[in-house]
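With the hints as constraints, model all of the structure from the sequences given.
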Amino acid sequence: SSTSDFGLGTLFAHLEASRKFGESLASLRRNAEIVLGDSKVDDLLLDMFRTEFHLKFLWGSRGATVSAADRHSKFEQVLTVMSDKCEPPEPPAPTQPSQAYSPAIGTSV
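Residue 85 in UniProt numbering is what sits at position 85 of the sequence shown, and the numbering runs on without skipping anything.
Quick caveat, the hints were computed from the structure, so don't treat them as lab data.
Hints may contain errors.
Said to hold, decoys possible - Below are the DSBU-like pairs computed for lysine-lysine, each with C-alpha atoms no more than 30 angstroms apart in a straight line: (1) K74 to K85; (2) K40 to K56; (3) K74 to K56; (4) K56 to K85.
Pasting the structure below:
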């Protein structure tokens with residue numbers, strides 16, 4: 001199990017998968033060339049993979065210029081509100097029975 005080997009089995013599985021990925025890289029490239037052919041990538045489309053685009057997309061032009069600490073603080077607040085809204089409420093605390101023990105009807109004590 002993962003706990004008995006401190007997660008080394010999981011680490012080994014990830015390393016093994018990455019090794020297999022590296023071995024199949026030539027095949028993946030060949031398949032990509034077949035599928036994509038001579039298609040060209042638009043520079044505007046590449047913008048969506050840039051950090052600056054994501055900053056403006058997530059925070060707006062003004063929010064992208066504030067410090068990272070301010071953005072992280074605001075993001076933490078958003079996550080807290082979402083968590084409070086989406087998580088089920090905590091179950092009420094169990095109440096202590098106020099009556100003494102009474103056996104079920106029809107049983108002998």
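A quick look at each hint next to the structure:
| no. | hint | verdict |
| --- | --- | --- |
| 1 | K74 to K85 | holds, 17 angstroms |
| 2 | K40 to K56 | holds, 26 angstroms |
| 3 | K74 to K56 | holds, 15 angstroms |
| 4 | K56 to K85 | holds, 26 angstroms |
Consistency with the previously given hints is maintained throughout, with no hint failing.
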